[in-house]
Amino acid sequence: GDSVTQMEGPVTLSEEAFLTINCTYTATGYPSLFWYVQYPGEGLQLLLKATKADDKGSNKGFEATYRKETTSFHLEKGSVQVSDSAVYFCALTGGSQGNLIFGKGTKLSVKP
Amino acid sequence: DVKVTQSSRYLVKRTGEKVFLECVQDMDHENMFWYRQDPGLGLRLIYFSYDVKMKEKGDIPEGYSVSREKKERFSLILESASTNQTSMYLCASSLEPYGYTFGSGTRLTVV
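Chains as they are written, first to last, in this note's numbering: chain A, 47 to 158; chain D, 79 to 189.
Read the hints as simulated data drawn from the structure, not as lab findings.
Even for Gly, the Cβ is constructed at its ideal location relative to N, Cα and C.
One should not assume that every hint holds.
When the alpha-carbon atoms are kept at most 30 angstroms apart in a straight line, the in silico DSS-like pairs for lysine-lysine are as follows [said to hold, decoys possible]:
#	chain 1	residue 1	chain 2	residue 2
1	D	K135	D	K148
2	A	K153	D	K135
3	A	K102	A	K150
4	A	K153	D	K81
5	A	K153	D	K91
6	D	K135	D	K96
7	D	K135	A	K150
8	A	K150	D	K91
9	A	K98	D	K135
10	A	K102	D	K81
11	D	K81	A	K106
12	A	K123	D	K96
13	D	K96	A	K150
14	D	K81	A	K150
Ranges between beta-carbon positions, derived for each pair [claimed, not checked]:
#	chain 1	residue 1	chain 2	residue 2	range
15	D	K131	A	E62	21 to 29 angstroms
16	A	K102	D	K96	28 to 36 angstroms
17	A	D48	D	S145	25 to 33 angstroms
18	D	K91	A	S104	38 to 46 angstroms
19	D	M132	A	E61	43 to 51 angstroms
Some but not every residue of chain A turned toward chain D, in silico, with C-beta under 7 angstroms [stated by the list, open to error]:
#	residue
20	E88
21	G89
22	L90
23	N145
24	F148
25	G151
Could you build all of it, start to finish, from the sequences and the hints given here?
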């Protein structure tokens, strides 16, 4: 079945460092791809999405490009802030009725 | 903005109790979902619903049931709570099969 694999965390970075969180997927057809963020004590919020190959989603300085040839959707940010500390989930539309399938999440901690 | 409200942020229940987790959305979304979130396992789909009185099993429905009597409300029921159901429960709604809006979650502890 469809699945999402994210890099294991936790990831610890210093403020202003470059961030990459890897995400690869397995899917039949052409899923839409998403990154969600969960701040401590809160539910998940949509960070960005891409609906077809070569699309780039972007929001709040984060970017991810839908790479069909490598089945990847890696999340990047050029300069992280302490306020970016959160858990990041990669997801795709899949399942029998198009419900979202999530990766296991990657915890990011940014130190001042 | 769409708002998804879960009735309790923290809940402590005893083994064997019947537990109701309530979720209400205010934007007339057709689709609603219940996930549980556990460390190292990510989010796992318990049940979902694409219409009133309609329900579909997700990946881990055992020990749970759901009720959707009104479009805005989707309840998750633990028929007889057990300690392995201690978890964070997240409700979500969407107008399409994707583009979810999540509630803040209910952290349930079963003792």
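Hints and how they fare:
1. K135(D) <-> K148(D): holds, 19 angstroms
2. K153(A) <-> K135(D): holds, 29 angstroms
3. K102(A) <-> K150(A): Distance ~22 angstroms between K102(A) and K150(A) Cα, so the pair holds.
4. K153(A) <-> K81(D): Roughly 25 angstroms between the alpha carbons, so the hint for K153(A) and K81(D) holds.
5. K153(A) <-> K91(D): Satisfied, since the Cα-Cα distance of roughly 29 angstroms is no more than 30 angstroms.
6. K135(D) <-> K96(D): Satisfied, since the Cα-Cα distance of roughly 19 angstroms is no more than 30 angstroms.
7. K135(D) <-> K150(A): At roughly 20 angstroms apart (the allowed maximum being 30 angstroms), K150(A) and K135(D) satisfy the hint.
8. K150(A) <-> K91(D): At roughly 27 angstroms apart (the allowed maximum being 30 angstroms), K91(D) and K150(A) satisfy the hint.
9. K98(A) <-> K135(D): holds, 28 angstroms
10. K102(A) <-> K81(D): holds, 27 angstroms
11. K81(D) <-> K106(A): holds, 21 angstroms
12. K123(A) <-> K96(D): Violated - the C-alpha atoms of K96(D) and K123(A) are around 45 angstroms apart, more than 30 angstroms.
13. K96(D) <-> K150(A): This hinted pair holds, its Cα atoms lying about 29 angstroms apart.
14. K81(D) <-> K150(A): Satisfied, since the Cα-Cα distance of roughly 25 angstroms is no more than 30 angstroms.
15. K131(D) <-> E62(A): 21 to 29 angstroms: Once the Cβ atoms are compared, 53 angstroms apart, the range 21 to 29 angstroms for E62(A) and K131(D) is violated.
16. K102(A) <-> K96(D): 28 to 36 angstroms: Since the Cβ atoms of K102(A) and K96(D) sit about 48 angstroms apart, the hinted range of 28 to 36 angstroms is violated.
17. D48(A) <-> S145(D): 25 to 33 angstroms: holds, 28 angstroms
18. K91(D) <-> S104(A): 38 to 46 angstroms: Distance hint for K91(D), S104(A) holds at roughly 42 angstroms.
19. M132(D) <-> E61(A): 43 to 51 angstroms: Holds, at about 48 angstroms.
20. E88: It holds, given that the least Cβ distance between E88(A) and chain D is near 6 angstroms, below 7 angstroms.
21. G89: holds, 4 angstroms
22. L90: holds, 4 angstroms
23. N145: With a closest approach of 6 angstroms, the N145(A) hint holds.
24. F148: This hint holds: F148(A) lies near chain D, its Cβ roughly 4 angstroms from the closest one there, short of 7 angstroms.
25. G151: holds, 5 angstroms
Of the hints listed earlier, those the structure fails to meet are numbers 12, 15 and 16, in rising order.
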